[in-house]
Amino acid sequence: MTSLAVPTTPTHPLGQRWPDAQVSVEGVSKVFSPEPGLFDFLTHRRPTGYVALQDVSLSIEKNTFVSIIGPSGCGKSTLLNLLAGLDRPSVGQILVDGQRVRGPGPDRGIIFQNYALMPWLTALGNVEYAVQTACSGLSGGQAKERAREYLALVGLERAMHRFPKQLSGGMKQRVAIARALSISPSILLMDEPFGALDALTRSYLQEEVLRIWEDHRVTVVLITHSIEEALLLSDQIVLMSRGPAATIADVINLPSLRPRQRSVIDQHPEFLAIKLRLEEHLLKETRAVEERT
Amino acid sequence: MFESRISRPLAITVSCLSVLVALLVWQILATQGLLGQNFPGSFKTLKELAWWLSDPFFYNGPNDLGIGTNLLISLRRVLIGYCLAVLVAVPLGLFVGISQIAQSSVNPFVQLLKPVSPLAWLPIGLFVFRDSEITGIFVIFISSIWPTLINTAFGVTSINQDFLKVSRSLGASQFRTVVKVVLPAVMPNILAGMRISMGTAWLVIVAAEMLLGSGIGYFIWNEWNNLSLPNIFVAIIVIGFAGLVLDQIFGLLQRRFDYQD
Ligand SMILES: Nc1ncnc2c1ncn2[C@@H]1O[C@H](COP(=O)(O)OP(=O)(O)OP(=O)(O)O)[C@@H](O)[C@H]1O
Ligand SMILES: [Mg+2]
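Going down the list, the sequences are from chains A and B.
If you read the first sequence in the numbering used here, its first letter stands for residue 3, the second for the next number, and so on.
If you read the second sequence in the numbering used here, its first letter stands for residue 8, the second for the next number, and so on.
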């Protein structure tokens, strides 16, 4: 573990800010400090924390699809948790629609890597729980109707009375997508949503997400370690450097080519160039991580 | 691990045979006088059992009750004390699992009192309540509370954090999260704790009743004073069966709430 000085005043690289940003991350650092042990207590020492993120600044425009990519363990999930409001930055702030994020809220829907479906509820029950919780104005019948609607959107109308253990990995992730969308969030946060799926299911679901996103425009922040996935889905790719003290290495805007075919990634010269750049960056960072230990 | 699985009918046949062999060995040992003079054999015991079961619910005064009547008296005490214990242990366990402060304040009592035989509370109960019925219920309450409390609290601390994150991210209140997420998530742990509690309560009631003056435990004590060993064996068999049934009920409930994927 390395401890690094955390700047107390956040810096704002102006080049990365748009005036109409929906999400702006301003000079955010995150330090995980361990519980002080007895020895630290007796010697009046504060244990040195682990600086996961240092001075991260980022702007995300409304209704764009942004992918965050970086070497393993660099702090991608940490950043997503901060955006979700499930955790607080140690330094700096995050604004959503001009409001400082102080906690989680139904304006942000989250999709977790391992689905996080509650096993005692059916697919319908899981989505219904989200609707009832986030939209307290709806009656029970309306909430159920809405849950059905979103399960139909992800193509699960025939499996909605099944329990999670009766669903395949891809179906579970579709329930999770329906649950996140059912509360009509303006931002969808996804943490490696397809990481646990086999290649075919993964590419099928990627296309499903694209299809849904084409008619339900929301801002999407997608964490991935797949370069192809980032290239296929995003408007913008955020590259992170390795941890500790990870930060944003680069932001790449992709050509606005939509709808985008899978073949484009290997044929379009601009996409090819970006792909090479991403591969080079990830390889360099990963090598540095592996050689350090 | 060592053998291939055997079929269910075979398993049942082997179990029945094993019981028959045990009864036979018992009978032979008893008739040979190897267990002391006048030790009842299994035939005599089974004959007694049949007699007691032919009219289980009679009442001829406080020292002459049918075995079913005695069993009901014991079951009633166990159920009342046990239900009270569950009503306290589950909410307290949830609270202890959720709050570090609650955990720190309850922990010393749990650690200190859990290893104490609940029978040690019997004199305290008699002194405070001056009533053997309430004291019996009180002793059952004390013996049932710990396993359910500990299992519930452990269930809460080992709950999948993602469920809590999902609930929080939807803006659910603390109360809603506890009722709709935490409680169902720890249901398997609660039931496991309740099953152990029930087992303990059923163990304790027999011993407690020897001192309290009615119920199946007192029946055994009474028959010991009459030196009627067959009747004691009858009581042992009846207690065993009742315990088995109670345990199986929880087995069914646990299967119903086993939603691991
Ligand atoms: N609660 C925590 N306490 C201490 N350290 C933590 C905590 N959460 C994360 N970390 C550390 O912060 C770093 C970043 O973790 P994070 O999970 O955000 O990485 P990641 O980029 O999502 O990795 P992966 O690609 O493997 O999912 C890791 O080194 C991790 O050990
Ligand atoms: Mg992660």
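The reader is advised that the hints may include incorrect statements.
Restraint ranges, calculated between C-beta atoms of paired labels, are given here [said to hold, decoys possible]:
1) A:H46 with B:L259: 55 to 65 Å
2) A:Q168 with B:L94: 49 to 59 Å
3) A:S35 with B:L94: 36 to 46 Å
4) B:R183 with A:S74: 30 to 40 Å
5) A:S186 with B:P98: 55 to 65 Å
6) B:R183 with A:A251: 36 to 46 Å
7) A:R294 with B:T164: 30 to 40 Å
8) A:Q144 with B:L259: 28 to 38 Å
9) A:F43 with B:V135: 53 to 63 Å
10) A:R90 with B:Q107: 11 to 21 Å
11) A:E293 with B:Q107: 51 to 61 Å
List time: in silico DMTMM-like cross-link candidates among lysine to aspartate or glutamate, alpha-carbon distance up to 20 Å [said to hold, decoys possible]:
12) B:K172 with A:D109
13) B:K172 with A:D89
14) B:K172 with A:D237
15) A:K167 with B:D62
Bear in mind the hints are in silico, worked out from the structure with no lab data behind them.
Note that beta-carbon positions come from the ideal geometry of N, C-alpha and C, so glycine has one too.
How the hints compare with the structure:
no. : hint                           : result
1   : A:H46 with B:L259: 55 to 65 Å  : holds (57 Å)
2   : A:Q168 with B:L94: 49 to 59 Å  : violated (34 Å)
3   : A:S35 with B:L94: 36 to 46 Å   : holds (40 Å)
4   : B:R183 with A:S74: 30 to 40 Å  : holds (36 Å)
5   : A:S186 with B:P98: 55 to 65 Å  : violated (35 Å)
6   : B:R183 with A:A251: 36 to 46 Å : holds (41 Å)
7   : A:R294 with B:T164: 30 to 40 Å : holds (34 Å)
8   : A:Q144 with B:L259: 28 to 38 Å : holds (36 Å)
9   : A:F43 with B:V135: 53 to 63 Å  : violated (43 Å)
10  : A:R90 with B:Q107: 11 to 21 Å  : holds (19 Å)
11  : A:E293 with B:Q107: 51 to 61 Å : violated (41 Å)
12  : B:K172 with A:D109             : holds (15 Å)
13  : B:K172 with A:D89              : holds (10 Å)
14  : B:K172 with A:D237             : violated (28 Å)
15  : A:K167 with B:D62              : violated (49 Å)
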